[in-house]
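**Q** Each chain, written out:
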Amino acid sequence: AQSVSQHNHHVILSEAASLELGCNYSYGGTVNLFWYVQYPGQHLQLLLKYFSGDPLVKGIKGFEAEFIKSKFSFNLRKPSVQWSDTAEYFCAVTPYTGFQKLVFGTGTRLLVSP
Amino acid sequence: DVKVTQSSRYLVKRTGEKVFLECVQDMDHENMFWYRQDPGLGLRLIYFSYDVKMKEKGDIPEGYSVSREKKERFSLILESASTNQTSMYLCASIKPGRGNTEAFFGQGTRLTVV
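Chains A and B supply the protein sequences, listed in that same order. For the first sequence, my numbering begins at 1 and goes up steadily by one. For the second sequence, my numbering begins at 1 and goes up steadily by one.
One should not assume that every hint holds.
Think about it this way: if two alpha-carbon atoms lie no more than 16 Å apart in a straight line, the pair counts; the simulated EDC-like pairs of lysine to aspartate or glutamate are [said to hold, decoys possible]:
1) A/K101 <-> B/D51
2) A/K101 <-> B/D59
3) B/K71 <-> B/D38
4) B/K3 <-> B/E79
5) A/K101 <-> B/E79
6) A/K101 <-> B/E56
7) B/K18 <-> B/E79
8) B/K95 <-> B/D59
Some residues of chain B that are not near chain A, with every Cβ distance over 10 Å (derived) [stated by the list, open to error]:
9) T15
10) K18
11) V24
12) N31
13) R44
14) E56
15) E79
16) N84
17) T101
18) Q107
19) T112
These aren't lab readings, by the way, just hints derived from the structure by calculation. Quick caveat, the model's predicted, so the values are computed rather than measured. No residue lacks a Cβ here, since even glycine has one placed at the ideal position from N, Cα and C.
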């Protein structure tokens, strides 16, 4: 069964700082990888996803993530954060084929101070 | 626009009550999920279903059951609610397939058991 680890539980940054959130997964086969975001009081939204091709994936709001297969990692990055990026971020994994059980990490709470 | 709708935004129930949480999706997705979200624990999978009348236990099924009588509807049942089931419950659906897919989430039901 697959699993996901997010090592940063809380991150505090000032506006314009760069962001990198770690995500590692364990699974023996090919996977789909996702980053979801949950803004305060809102439901989960997809930021970006990887399923094949270019391992550098660009998402909404200037976010990007890089899939490094050899490290089983899918880290989320943003060059310059804004106050509006304050949210909780979740990494998730599902097998590429077969039944797609979707498993999440524990989340990273990001606070951006103005 | 794709939609996953959970029947209640907030619920307050008494210990020992039988509680039904309803989820409906209009995307004709085969796979549906129930998660609970707790601070510091991320989204934990309770049950999932990959077809009508089919169900599989997730990581924390104890104290819960599910029902999927129609493709669009997936119900979570707390047989005898307890205070440790106070949580945010999230429903999701996903269209299975090779590769490019994503899960869509409902707005969540915040359940308080007193």
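**Q** Taking the hints in turn, state whether each one holds.
**A** Results for each hint:
1. A/K101 <-> B/D51: holds, 13 Å
2. A/K101 <-> B/D59: holds, 11 Å
3. B/K71 <-> B/D38: Since the Cα atoms of B/K71 and B/D38 sit roughly 28 Å apart, the hinted pair is violated (cutoff 16 Å).
4. B/K3 <-> B/E79: Between B/K3 and B/E79 the Cα gap is close to 27 Å, so the pair fails against 16 Å, i.e. violated.
5. A/K101 <-> B/E79: violated, 24 Å
6. A/K101 <-> B/E56: holds, 10 Å
7. B/K18 <-> B/E79: holds, 5 Å
8. B/K95 <-> B/D59: violated, 21 Å
9. T15: Given a closest Cβ separation of 28 Å, the condition holds.
10. K18: holds, 26 Å
11. V24: Check passes; 15 Å lies beyond 10 Å.
12. N31: Answer for B/N31: violated, closest chain A Cβ roughly 6 Å.
13. R44: violated, 8 Å
14. E56: The claim breaks: B/E56 does not keep its Cβ more than 10 Å from every Cβ of chain A (closest is about 8 Å).
15. E79: B/E79 clear of chain A: closest Cβ-Cβ about 23 Å, beyond 10 Å.
16. N84: Non-interface label on B/N84 holds, nearest chain A Cβ at 18 Å vs cutoff 10 Å.
17. T101: Violated: least Cβ distance 7 Å, not greater than 10 Å.
18. Q107: violated, 5 Å
19. T112: holds, 17 Å
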